[in-house]
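Q: Letter by letter, the chains look like this.
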Amino acid sequence: MKENLYQMSKSYSIIAESLTKTFGSFTAVDSISFNVSAGEIFGFLGANGAGKTTAMRMLCGLSKPTSGSAVVAGFNIDKESESIKQRIGYMSQKFSLYQDLTVSENIEFYGGIYGLGKQKLAQSAKELLHRLHLEKDARTLVRALPLGWKQKLSFSIAIMHQPSIVFLDEPTGGVDPVTRRQFWQMIYEAADHGITIFVTTHYMDEAEYCDRVAIMVDGKIEALDSPQQMKEQMKAEDMNEVFYRLARTATRASA
Amino acid sequence: MAISIDRISKSYGEHKDVHALREISLSVHTGELFGLIGPDGAGKTTLFRILTTLVLPDRGSATVEGKDVRDDFRDIRTMVGYMPGRFSLYQDLSVEENLRFFATIFHTTIEENYELIKDIYVQIEPFKKRRAGDLSGGMKQKLALCCALIHRPKVLFLDEPTTGVDVVSRKEFWAMLQQLKKQGMTIFVSTPYMDEATLCDRIALIQKGSIMSVDTPENLLNKYQGDLWGIRTEHMYKALQDLNNFPSVTECYTFGAMHHAQVSGLQMPAELHNYLDRKYHKNIRVEKIKPTIEDCFMQLMQADEREPVPNE
Numbered sequence: 001m002k003e004n005l006y007q008m009s010k011s012y013s014i015i016a017e018s019l020t021k022t023f024g025s026f027t028a029v030d031s032i033s034f035n036v037s038a039g040e041i042f043g044f045l046g047a048n049g050a051g052k053t054t055a056m057r058m059l060c061g062l063s064k065p066t067s068g069s070a071v072v073a074g075f076n077i078d079k080e081s082e083s084i085k086q087r088i089g090y091m092s093q094k095f096s097l098y099q100d101l102t103v104s105e106n107i108e109f110y111g112g113i114y115g116l117g118k119q120k121l122a123q124s125a126k127e128l129l130h131r132l133h134l135e136k137d138a139r140t141l142v143r144a145l146p147l148g149w150k151q152k153l154s155f156s157i158a159i160m161h162q163p164s165i166v167f168l169d170e171p172t173g174g175v176d177p178v179t180r181r182q183f184w185q186m187i188y189e190a191a192d193h194g195i196t197i198f199v200t201t202h203y204m205d206e207a208e209y210c211d212r213v214a215i216m217v218d219g220k221i222e223a224l225d226s227p228q229q230m231k232e233q234m235k236a237e238d239m240n241e242v243f244y245r246l247a248r249t250a251t252r253a254s255a
Numbered sequence: 256m257a258i259s260i261d262r263i264s265k266s267y268g269e270h271k272d273v274h275a276l277r278e279i280s281l282s283v284h285t286g287e288l289f290g291l292i293g294p295d296g297a298g299k300t301t302l303f304r305i306l307t308t309l310v311l312p313d314r315g316s317a318t319v320e321g322k323d324v325r326d327d328f329r330d331i332r333t334m335v336g337y338m339p340g341r342f343s344l345y346q347d348l349s350v351e352e353n354l355r356f357f358a359t360i361f362h363t364t365i366e367e368n369y370e371l372i373k374d375i376y377v378q379i380e381p382f383k384k385r386r387a388g389d390l391s392g393g394m395k396q397k398l399a400l401c402c403a404l405i406h407r408p409k410v411l412f413l414d415e416p417t418t419g420v421d422v423v424s425r426k427e428f429w430a431m432l433q434q435l436k437k438q439g440m441t442i443f444v445s446t447p448y449m450d451e452a453t454l455c456d457r458i459a460l461i462q463k464g465s466i467m468s469v470d471t472p473e474n475l476l477n478k479y480q481g482d483l484w485g486i487r488t489e490h491m492y493k494a495l496q497d498l499n500n501f502p503s504v505t506e507c508y509t510f511g512a513m514h515h516a517q518v519s520g521l522q523m524p525a526e527l528h529n530y531l532d533r534k535y536h537k538n539i540r541v542e543k544i545k546p547t548i549e550d551c552f553m554q555l556m557q558a559d560e561r562e563p564v565p566n567e
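Chains A and B are the protein sequences, given in the same order. To convert, note that position 3 of the first sequence is 3 in our numbering; the numbers rise steadily by one, no gaps. In our numbering, each residue's number is its place in the second sequence (first place is 1) plus 255.
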């Protein structure tokens, strides 16, 4: 079985098999199995409390599964979690950048953590600032940047070390509609360069930008398909309707 | 008039160089469900704090139920209910204790106004002994709403009540607001979700401290300039790049399953269709579509960006 997983991991960025996490008598993630292809934009949706964050934490090597297994970027999440951390990028709305450091300092700090050499770091920093038109703001404190710029900077930093996969936890919450779209353009570009994107969002129009989408309900994956297929199968007008119909069936006490 | 705002400005920072609000004026009628729509950092929370008398404006004036936010702040505080953006309840108190606490500081009891909160409270009542800190997001939001309502306020202020909340809970929450509106309550609510705008009687679109438009959702949609076309092909990312290079397309952006293109000087979808065909796109679909609030918001944003921001 294990040999098999490693064989498969050449074409898949994530292979999850019966991944489960329980807290006491509560099963937060209930035996989920799915694969994410290399270079795919994979949307991970679910109502609050459906188990998204718990699943994502396991895949990032931050929390050990109670049972089941997963291979992320070619490494086993249980036994090689440290290797995984070097091969992935992570960005969330809640935690991204150090507000009291300048734009440049944040880039240097994360570049250091990701183990970029001095020369490589200088080169990457220059390119990154240029691409985001932030050259003039290199010495600006991050806290003084508008939210949309912060999010774009944060995403760029998360993929600076060219990870094979990047996890994005609600990256566009509260961002204005124009910047939200610029952000997705960056996601498209990264995917075009072969980086696998694993993204959660509450905006259902963004679910449409994903190659495939998984919808979690009560700790299980209730549906997994391309947005187009899902809509056709459920005869729904848009992903909002698909999501609403599935998430409404949740029985888990949400208190 | 439940709320009247006259040229309110507010700046922060050592040098007063962060302009949170720039000469904002608007009125909210009694019994109206009024939406303040805009992204983070637009100035929504500052306006809420001024109207609930927690912060003074630098310039301009405002009244709530005829009372001045500066001179009559004590009166306003007894008349309004306020649900701030961040969870404002006492995490270590139980559901029941939180509600009783808010009732007590407004010199009332849960029993006296139970009718008003009943429909919402029954949903969290099974967990009334649980600490507020241990509730899920949706449940916290319901408790916070009950606490803001327990003294039967004349005007209800809700600052981003649905941010970070999933589609199902959001839908439930707006249904609750419709119920409260039926009972004659004035509701002033903010949200970054453009799709919620159509659930309001009137909306103000706010961006970078300025109001871009105040109107009914319907009128706002009618004011959209030019034609809007929805476009789909097999390769959406490439389509976006190609469409942005087509001269008659003033602006093209992703919009769920379609791209939305603002088009001028083009009558027939066929021209755009042919162009995409020449660019090797497959399964091309081009159709005229009706704009949404989000399309209008973006159009107004673009118009604003062409004008220089006034320096104060």
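Just so you know, these hints were derived from the structure itself, not from any lab. Be careful, since some hints might not be right.
Covered stretches of chain B (chain A as the covering partner; in silico rule of three or more C-beta atoms under 8 angstroms from a C-beta of chain A) [as the list claims (entries may be wrong)]:
no.: 1; segment: 323-333
no.: 2; segment: 391-403
no.: 3; segment: 421-428
For the chain A half of the interface with chain B, some residues (derived, Cβ under 10 angstroms), not all of them [said to hold, decoys possible]:
no.: 4; residue: Leu141
no.: 5; residue: Ala144
no.: 6; residue: Gly174
no.: 7; residue: Tyr188
no.: 8; residue: Tyr203
no.: 9; residue: Lys231
no.: 10; residue: Phe243
Quick reminder that beta carbons are idealized off the backbone N, C-alpha and C, glycines included.
Q: The structure should be examined with respect to each hint, and the outcome stated for every one.
A: Each hint, compared with the structure:
1. 323-333: violated (count 0)
2. 391-403: holds (count 4)
3. 421-428: holds (count 5)
4. Leu141: Check failed: Cβ of leucine 141 of chain A comes no nearer than 12 angstroms to chain B, outside 10 angstroms.
5. Ala144: With Cβ-Cβ at 9 angstroms, under 10 angstroms, it holds.
6. Gly174: Glycine 174 of chain A check passes; min Cβ-Cβ to chain B is 4 angstroms, inside 10 angstroms.
7. Tyr188: holds (5 angstroms)
8. Tyr203: Holds, because the Cβ-Cβ distance from tyrosine 203 of chain A to chain B comes to roughly 8 angstroms (cut-off 10 angstroms).
9. Lys231: holds (8 angstroms)
10. Phe243: holds (6 angstroms)
The structure shown violates the earlier hints numbered 1 and 4.
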